[in-house]
Amino acid sequence: MIDYTSASIDFALLGPEIALLASAFLILVTGYVKSLGKLSPGVAFVGLVIALVLSLNQWGNQSSGFFGMVTCDDFGSAFKVIFTLIAILTLLMAHRYLSHKSLNRPEFYALLNISTMGMMVMANSTDLVVMFLGLEIMSLPLYVMAGMARRSPESNEAGIKYFVMGAFASAFLLMGIAFVYGASGTTDLRRLVTDYHYIVGNFKLYLYSGVAMILVGFGFKVGAVPFHSWIPDVYEGAPTPVTAFFSVGPKAAGFAVLLRLFVFGFAYIGLLSDVFWVLAALTMTVGNIMALRQNNIKRMLAYSSIAHAGYILIAFAVGGDSAVSAAMFYLVAYALFNTGAFAVLVLLETRTGCKSDFSELSGFSRLHPYLSSVLALFMFALCGFPPTVGFFGKFYLFSAAIQSGFIWLVVIGVMNSFVSVYYYLRVIKVSFFDQPQQTFVPVTYSPAIIVVLLITLAGTLGLGLFPQQLLDISQSAIFAFL
Amino acid sequence: MSLDLAIFVISALVAVFGATMMIFQRNPVASVLYLILSLVGQAVLYVQLGAAFVGAVLIIVYSGAILVLFLFVIMMLNLRSSADLGEPSPPVSRFVKYFVSCLIFLELSFIIRESLGAGSTTSAGIVTMADDSFGSVESVATLLFTRYLYPFELTSVLLLSAIVGAVIIARRATEDELPPQPEKAVGPISQKTNEGQE
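If you're matching them up, the sequences are chains D and S in order. All letters in the first sequence, in the order written, are residues 1 to 482 by our numbering. All letters in the second sequence, in the order written, are residues 1001 to 1198 by our numbering.
Mixed in with the good hints there might be a few duds.
[To be verified] With a straight-line Cα cutoff of 25 Å, these simulated SDA-like cross-link-like pairs (lysine to any residue) come out:
(1) D:38 <-> S:1166
(2) D:355 <-> S:1169
(3) D:101 <-> S:1173
(4) D:34 <-> S:1166
(5) D:38 <-> S:1167
(6) D:34 <-> S:1169
(7) D:204 <-> D:169
(8) D:101 <-> S:1164
(9) D:355 <-> S:1160
(10) D:38 <-> S:1163
(11) D:429 <-> D:442
(12) D:101 <-> S:1018
(13) D:38 <-> D:99
(14) D:34 <-> S:1021
(15) D:38 <-> S:1055
(16) D:38 <-> S:1164
(17) D:101 <-> S:1007
(18) D:204 <-> D:264
(19) D:34 <-> S:1164
(20) D:34 <-> S:1173
(21) D:38 <-> S:1173
(22) D:38 <-> S:1169
(23) D:34 <-> S:1160
(24) D:34 <-> S:1163
Simulated from the structure, these hints should not be mistaken for lab results.
Turn these sequences into a full structure, and let the hints guide you.
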């Protein structure tokens, strides 16, 4: 088992984080040297690949260090691999889009790597203070990346809204951490677990209010329903590759921390299951119903991301190993097909004047039969049709819930999946069957985005045909849970 | 002992005088300067209590950084005299202000009375003296560089990313940003009309 009290200051635990940070520093230093500035995406890519390799190396190697503030377990390593893969896909699709919109600055790549590093810190932390710092390191670059396009009022709006709501959420989170600290005298999750009965016996009110505020803070970050209002505007206004990044990256990081906190840390609080029941039902329903009446695909995908967060929240209401591994499976699946859908949007938006409205898709399939079929496949995956990985994601989640007796929650989830079919298939209907109002401007491919499409396509279909492998990995990851 | 007492009395008087004058100034710049004076007095009190580090931080961070920031803001807004501060507040909000200050005053006097009454050794440590190393630079540094090394380093990364972000947002437009792109017209983001359907 892990040596929980390890005081060792072992920087090998932080290998992936250090690789990302070093590449970010290198970009910041060399970015404005004339001959080296063009290399920034390459440097960022190399940093991410090194981080990926180091994270893979950490698999199976369980240790704790820095006085218990960092815990390397398979759970954290799995999430680190997910984060780096998402960041690599974002980097590949961002470069040409940013050059086209004349936003291509070296700092973008540095910020991308720093943000990914913040996610890694979150996934590996077993201390509330470190968790908070990781969250802030992840979020601050995202605010800036959302507002990168300074000439576009929508991008400015996205940046400011994201910043204000993010700061609001951080305030809640910090207040909650302060309350928990006041009740228990520690920010160490393991101490919170071991001393649980003493804390609840003496300071129940403070612990509960602290936990509630922490939940509100992370609810903002993952876009759970009463705290979702910022998502559509931010997703629509931000540059599309950035939207792709923060529709999956911060969400996965937020869920990683939530899983650690609420499925393990505060698992004794019996009320939490009911709270998550209501949150999940609300989030699914509101996300899906609001998505019905959107005319912009980015906005539609924003509401769909709320709905998918709702499906994942089912796992929190259910609890237990099978639900947690199903949630991890779902996160990986969602990251794949959602990034794929956004990659198609990025391709479409590199034509001038395109805003990803539904009407702009008409006539798409005649000029680009393959690309539109790929988009259609991602939409099928988002709905959850077999044989895509989306089906198995929902299948494992719902079956875990049924086994634990959450029948009504599953009924709500299945009903919501039916509702979602309408708006996902509308993309396919417009692109395949609608008469084009004006001639469709052809899309030009770049090698990097073809790679992104191939990876996401292979993942969506391949894991849909062989889901057991991914499920095995996610099941072995939760054994070392905290 | 008498020297200690003299230093205490003088610095406490300076702190109270600064705080009082700060409230009664109509010119915001003078107000901030009196606040700095009050903080210097308080810093001396902290040093006398053995918390040299807190005293130093009070001077460096509060007087040095935060209040200078206040001055910048006041100067940017160009608030010169009471006329720039707008109308005096209505009686209701004035009543709220007095009420809240009275509450805080009562609370503080209650705490002080309780801690003195309890024999000044057992209670929450308000008047009690901690051991010598408490609050010293060494003890803070030891914790910061061992137990809390990781959060400490993370904070520096956080500050770095904030600086980089601020520079990106606030920098001057470069030439490749200046020629207007054939982008969409400026307009409010709102629900678009339902034209895509059918």
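If you draw a straight line from the CA of residue 101 of chain D to the CA of residue 1164 of chain S, is it 25 Å or shorter?
Holds - the C-alpha atoms of residue 1164 of chain S and residue 101 of chain D are around 21 Å apart, at most 25 Å.
Take the C-alpha atoms of residue 34 of chain D and residue 1160 of chain S, compute the straight-line distance between them, and say whether it is at most 25 Å.
holds, 23 Å
With the threshold set at 25 Å, check whether the alpha-carbon distance from residue 101 of chain D to residue 1173 of chain S stays at or below it.
holds, 14 Å
Hint check: residue 34 of chain D vs residue 1173 of chain S, CA-CA at most 25 Å. Holds or violated?
Roughly 18 Å between the alpha carbons, so the hint for residue 34 of chain D and residue 1173 of chain S holds.
Hinted pair, alpha-carbon criterion (25 Å max): residue 101 of chain D, residue 1007 of chain S. Please report holds or violated.
violated, 65 Å
Is the hinted pair residue 38 of chain D and residue 1167 of chain S satisfied, with a Cα-Cα distance of at most 25 Å?
Between residue 38 of chain D and residue 1167 of chain S the Cα gap is close to 20 Å, so the pair holds against 25 Å.
Does the structure keep residue 38 of chain D and residue 1055 of chain S at a Cα separation of 25 Å or less?
Status violated; Cα separation ~49 Å.
Between residue 38 of chain D and residue 1163 of chain S, is the straight-line Cα distance small enough, at 25 Å or below?
Distance of about 22 Å is within 25 Å: holds.
Assess, step by step, whether the Cα of residue 34 of chain D is no farther than 25 Å from the Cα of residue 1169 of chain S, and give holds or violated.
Holds: residue 34 of chain D and residue 1169 of chain S sit about 22 Å apart, inside 25 Å.
Does residue 1166 of chain S lie within 25 Å of residue 38 of chain D when you go C-alpha to C-alpha?
With Cα atoms ~22 Å apart, residue 38 of chain D and residue 1166 of chain S stay inside 25 Å; holds.
When you check the alpha-carbon spacing of residue 38 of chain D and residue 1169 of chain S, does it fall within 25 Å?
OK: residue 38 of chain D and residue 1169 of chain S at ~21 Å, within 25 Å.
If you draw a straight line from the CA of residue 34 of chain D to the CA of residue 1166 of chain S, is it 25 Å or shorter?
holds, 23 Å
Of the numbered hints given earlier, the model fails hints 9, 12, 14, 15, 17; all others are met.
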